[in-house]
Structures are given as C-alpha cells and as structure tokens.
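For the protein sequence lines, the chains are A and B, in the order given. Adding 5 to a residue's 1-based position in the first sequence gives its number in this note's numbering. Adding 5 to a residue's 1-based position in the second sequence gives its number in this note's numbering.
What the hints contain is simulated information worked out from the structure, not anything from laboratory work. Heads up, some of the hints might be wrong.
Identical copies go unnamed one by one, so any copy, or any two together, can satisfy a pair.
To be verified - Under the rule of at most 25 Å between Cα atoms (straight-line distance), these lysine to any residue pairs were calculated in the SDA-like manner:
(1) K201 x D226
(2) K397 x A418
(3) K403 x S355
(4) K400 x N142
(5) K190 x S13
(6) K8 x E54
2 protein chains.
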Amino acid sequence: MKKPTPLSGFPEWLPGDRIVEQYVLDRLRSTFELHGFASIETRAVEPLEQLLAKGETDKEIYLLRRLQADPTAAEPSAGDLGLHFDLTVPFARYVLENSGRLRFPFRRYQIQRAWRGERPQEGRYREFTQADIDVVNRGELAFHYEVELPLVVADALSGLGLPPIRIQTNNRKIAEGFYRGLEIKDVQAVLRTVDKLDKIGPARVRAALVETAGCTPAQADACLALADIASPDASFADRVRALGVTDPLLDEGLEELTRVVETAAEDAPGLLVADMRIARGLDYYTGTVYETVLTGHEDLGSICSGGRYDALATETSADGKTTSYPGVGLSVGVTRLLGRIVGRRLLTASREVPTCVLVALPNEDARRDCMRIAAALRRRGIATEVAPEASKYGKQIKFADRRGIPYVWFPQAGGGEVRDLRSGEQRPADPETWTPPEEDLRPRIVEGAV
Amino acid sequence: MKKPTPLSGFPEWLPGDRIVEQYVLDRLRSTFELHGFASIETRAVEPLEQLLAKGETDKEIYLLRRLQADPTAAEPSAGDLGLHFDLTVPFARYVLENSGRLRFPFRRYQIQRAWRGERPQEGRYREFTQADIDVVNRGELAFHYEVELPLVVADALSGLGLPPIRIQTNNRKIAEGFYRGLEIKDVQAVLRTVDKLDKIGPARVRAALVETAGCTPAQADACLALADIASPDASFADRVRALGVTDPLLDEGLEELTRVVETAAEDAPGLLVADMRIARGLDYYTGTVYETVLTGHEDLGSICSGGRYDALATETSADGKTTSYPGVGLSVGVTRLLGRIVGRRLLTASREVPTCVLVALPNEDARRDCMRIAAALRRRGIATEVAPEASKYGKQIKFADRRGIPYVWFPQAGGGEVRDLRSGEQRPADPETWTPPEEDLRPRIVEGAV
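Just chain A, with the same shape it has in the complex (with noise of 0.2 Å):
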C-alpha cells in the first residue's frame, strides 16, 4: 500500500498534541460538571427534515447511504440521514424525545463530534468537536442564565495556560426593536446585511441596506451607526438611545444587556464586552448572543458563540397544546482552538506517553518478574510499562528518555534501582513503596514548546 495521505478539513493529532487536546476536554468536562451540568451524549445522525428545519440550511450537511443500498435512490428524501452539523439541534430533539424523564430545568453539556461539508481553511474544519453547555426549561425560561452561562464558559477557559478570552456579547432584541423603532419592514433581511459588515465593510453594507433590504438611506445610517457602538461597561446604552430610536423591544433589549455587562464586569473586569455588530449567522435565537476571541488571536474568529433561542424545541400534543422548551448555551470549537494551540505551540505536553515508569529488562525470561514490578506500581497509580526487549541497558535508556518517560526501574532481587532520568540520580527502591513526585505521575502541559 502507498502511504496515506491526509484528508483536508479532517484534522488528526499525533499522540503528544492529543495529551494537549485531553487536557483541554477534561478542563471543559470537570469545570461544566462543578457547575452542575449533567454529560449527555446523542447520537451522530438526524434524519435530514431535522437538520433542515433550524435555519442554517446553507451549511453543507453530509447525508448517509448504504453502501449495498439502490443507487437508483438519489434523491434525497425528508427521512434521510445526515451527520449532525453542531450540538444544538440534537440536543433540542433529544429534549423533545425525552421531555417525560428529564427534569426542568436542565442543565447539560455535550462534547462530541460534528460534520460540515464546508470548504476546509484554518479554523474550518469537516470534522470538530464541540463543547457545549445549555440549560433548558419547560414553559418559561429566567433570564439569570442569559447572565450565569458565559461566566461558566469563561471559568472552563480560563487557567488552562492560554491568552485571556473576551466575549461579545448583543442582544437580539436591540437591533430587532432598533430596526423597528426605524419602521424598517424586512427586519431579517436587515439582520442578514448587518451580519456581513466584518466581511465587506460598512460601505457596500449601505448600499446593500438600500438596495436590496428596502431601506431609505437614513435608515441604512441609523443601522451602521448603531452596529458601531461597543463597550465593556452599561455606556453602550446611553449611546444606542443618543440615537433617538424609541420601542418597547429596544428597551427590554437595553436592560438584559446591561444586566449581563454588568454582572460580568463585577466578577470577572474586561471580560465581556457589549457589541452592536455581533448578530450569529442562526436565526433561531432570540435574546442575548455571545462571540467568543482569544486575545491575540482575533484572527481565529469565534472559539465559543451561542445565545438564548424561545423556539428551537417545541412540542404539540394529540390534542393541539403546545409547549415550548426555551434554551441558552454556549459551545467551545474545540477542534478550532486545538487547531490554534497545536500550530502555534501555544501548549505542549511534557511527554508523549502516559508512562511514568519504564522497568529496564535484564534478560526475557525476567519478564514476568518485571511485569510484577509494573503492576506493584500501577496499583499505586505509577502509570508502568515493562520494556520491549531485553537489549543493553544504554538501548532501554534511550528508549524511555525519546518519549520523555522520567523514570527507569533496574529490577535486582529483592526491589531494585530507580533513576531519574533527568537528573540521572539513581536509588535502591521497593515497587510496593517507592513514589514519584505528584507533578511526573502524569504528562505536565507546559506553556509554549518543550
């Protein structure tokens, strides 16, 4: 077989970045789980009337087929499968599916795997990972999650040796009151021309406004100059209302948005910046929406963006009632920051094996008694391997300090000897007692490159 070559758009680490890329899942896992969210998974697949029916639909999904299935069949059809194209969607259904035996309400996390036939370039991938949380509840949802949630994510981001993150934050409800206050008709259209200001600037911005959104051009004005106000305090409100735009939404718009600036600034300064122009492409939310950039990296665009959605999961019974399961959440591109921190070597692991011990192999048949040494040390712990062949000792050496595993066990009767490899001390020790420093038991990951 000719060597493979790799897939574009379906990154793969080699086993050392992925000891970085566990650290990170684990940090995300473990600060989710100490604020109470409960782990779900679901499945990879939807069927495609699914998949479709929450906006997005420009994203390339990935449809399933049997391989022995009739190719005659191409057509694609409303109970076809698709991969899951992010977190949110399943999750909403799986909420439907199991609204009985869930309790309200809920809060859960999901990392997993999701898939976009998307032209591959940095940053976008066909395969990622997620991490989200949301929180979801029957009938009504309180606003203090809109506050609660990005401090969570901003917890599970912070501390794990990155740049600072700063998350954008707007609300739904401003730009839809503004645009309204403006008597603007097609307030989505609007929305969708705003949303493309990063891309193509504020001029063809205008003119798209007026040309093809059915704006006069003082409205398109009025638009541009309100998408231009950000600030890291509650200021933003004085500036948005200094526009003279008056509507009940705006106001309730204004106030949610303060609150959470607010709170973030109390807990957490520069944290969270209130920002006009941050519209997320979805239209299914309905309230506060976040854009997430690690400093330094702007670049990247959005590592962690969500919102509040009313809609996405709404069930009607035999008997024509409806309920809706309002949400907030926020998802961590995971594969995006891996992406980042692996091409940059921003962390690096300290070693690309687990092992902390390698027990040196006088000869074959003193395998078992090594495998005893390495399982006396794995009982307290010591992640071990036995070495792979009885060569000279100079040889096992090597073998161990290529992959950066600290330290190698000499059996003799009785025990043996233990050296650091780093510091090449060498010790008479027993498997049953002797223990490492709590920082070598398992890889360390280091800031910058080893």
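Start from chain A and add chain B according to the hints.
This is chain B only, laid out in the frame that chain A set:
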C-alpha cells in the same frame, strides 16, 4: 413539532445512565494509561477503498454524500468517504500515514464511535462506541504482547462491579497447521465453515465441510474434533496432539497458546480459556485470537475481541521496499456492554447530576451572593449550583432531592447552614472551609438499582 421517536440501532442514554457510561469509559482510560498506552483519535471517515481492503466486506458501510452534491453521480467510487466500521482499520492507516513521526513499538488506546448499517438487535447497533488497545511495531512484533494485552483488558474490566469476564483464546496457527496436516486444500473455506458452529451446529457444519468446502468425511470429522477441544490450562495441547495430526505451524500455534494460557493462569486463574472453536470473522488475524464473555451473560456474545495481525499495515516505498507494521489488539464493545448494564440495571448512579450542593435562594435579589457562595465551594472542587428560582424552601429542597443532590445550602449573613438531605441534619457552615465526605463529591456507582 410532533414528539420525535428513537432511531433503531442508534442508542442514547438518559443522564443517569450516561454517568454509568462515563464511569466505565474513565476506568478503561485510566487503566490503559496506567499500562502506558497513549491516546489517539482518528477521523470518523476513511476512503471506501481503505474500508474495503481489509476483509469484512460483508459489513454494511455508511457512505457520505453531500446534500448539495450531484445526485446523478450515484455509483460508489473508491475515493468516496465512508464511516469507519471499527477502529483497527483506521488505526492501521494512521500508523502508515504517521510512521515517520511515531515511535515504535507504539502502544495506543482509542475510544471512539463506529458505524455499521446492520439490522439492529440486542447487542448489535448501527452506532456504537469501541475502546481499543493495540501495540504495533515496525518490522517484527515480539510474541510477549499476545500474552500481555488480554491481561490489560482484564485489568480494565475488573473492579467495575460487573460479573467476572472469561477470555476465550485460540491461535490461528493451530487450525491452519492442523488443516494443512490433514492435507485440506481450501483452508480459508474450512475456517469460515467451522466458524458457523455456534450458529448452525456440528451436523450442518459437517455436511457443509464435505459438500462445499471440499473435505472428505474423515477430514470433516477431524475438524469437528479439533473444534471441540477447550481447557482452562495447557491440557488442550495434549488433546490436540492426541488427534494424531502433525505440522510445524500447528506445533508453533500450540506452543504460543500454551504460553498465553499458562501466564494468565498464574496471574489471574480462571480468566483465560483455550478454546479451539474461536475463529474470529475478520480474516486479517494471523496469531492469537480472543473473544470475551461476561459470566452469566454469555447470550450477549463477545464484549471484547481481537487478535494478532501481521499484514494489516504494510507500506511499499518508492524503491519497492516493503515494510510491515504487525500488531496485536483487543477492542471492548462499550455500547454492547452498556446496553446490558443499563437494560438489566447492573450498575446505577447514586444521582443523575454531578451537583453535590444546591445553594437555596432566599429571594431573587440574593442571587449574586448565592453565586459567590457557589463559587467558593467550586474552588475547592465541590460541584454546586444555585437554585433556579426563589420559590419556598420546601420546593427548593424537593428540587435537590428529586435529582439526588445530597446537600442544600441555606445562605445567611456570614455563611449559612448546610443540610444533609438524607439524614435531615442541618449545621452552620462556612463556604470557604466546609467539605462534604469524599464519597459525596461525585455520583457513586452502585451495583444493582438504587
């Protein structure tokens, strides 16, 4: 939207059962790491030619097709992407692709989902999680790994609170050498036929051996006599030799299997049984093969299978030089195991949320103070959430109790009081110092239903 219904073959767990799954996965991971196996993950997809090159072509593969692709290009082609049906084939590809960047022998574990478009039934899923360990070397792979790897899996599966496992072991060289010694011509056809013993019984296997596999009646009887031999110790070898067939490959296989069985019998009596009936469907195995049953749940089939493979990963360089990467590995069928654990309530979680403490909310204005109490507890590793609303304390206590949250914190000036919901005991406590007993920190896993 109507209530969604489950998709057959795509299992999902409720939060409490997911805690049991996490417990099993954590235990597998930590044991694999204690034995020095490094984690990798591979992409979910492989080119179709890769998936078809490794035997097992009777498995239904799911191919991917982009929703917006041309539907007239309906015939599958070699470069089409399909979801992997196991983790061994992608691992072999990963080894070849990264051979210059990995260190050999390479010990890796891999815990991921795989997909097969089969008809679902108990223990058979369309989407399932596997937990694999393999050791692969460049050139030659020492035999001792065939002894070591089943012991690693046994270590990982013990101590979970499940019934003991029994690993049924055979060696491909025994059957092949035996058939060769009998002068059977189509060894593969005979292997495939004998593999059906459990399904169709000895009489029909005997008939098929004669009618379709080209055996004489005497050869067929000898094959059935071989398949009938099993022993928990090395005595199987004498019984095979007593059948009077001689062949060098047969001798090699008997010697190897004897070493596997004898080593295991010393360290873990009763764990391993030599069984001449075990063949394993996949045709890439070349040495020891393994199947594993959970005692008392033999009807479930094998929960962990694998074997030695010498030719799964072979690369040919530009100058025509061939390098082999022989390996040995076992794969735990996590979803099959979980399906039984969940279905029979063999293990359950003591609570369905990670939360250890619910901070009660006296009124909505106190939320910020309550969040600070929660943060203080979390800083010391105590999973805490604040009550969703300032309802009557009785209702808040019920909220905690229903989820199995063991403690409720009642905030007061200067700290508060904490109540153990099980004993009803309530005491003054300081969020900076109060600590619950270790066993309450996380959900416990209990044998049988709670």
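Each hint tested on the structure:
1. K201 x D226: Within one copy only: 15 Å inside a chain, 77 Å across chains, cut-off 25 Å.
2. K397 x A418: within (19 Å within a copy, 69 Å between copies)
3. K403 x S355: within (17 Å within a copy, 47 Å between copies)
4. K400 x N142: Classified as between: cross-chain Cα gap 17 Å, same-chain 61 Å, threshold 25 Å.
5. K190 x S13: neither (43 Å within a copy, 46 Å between copies)
6. K8 x E54: between (40 Å within a copy, 14 Å between copies)
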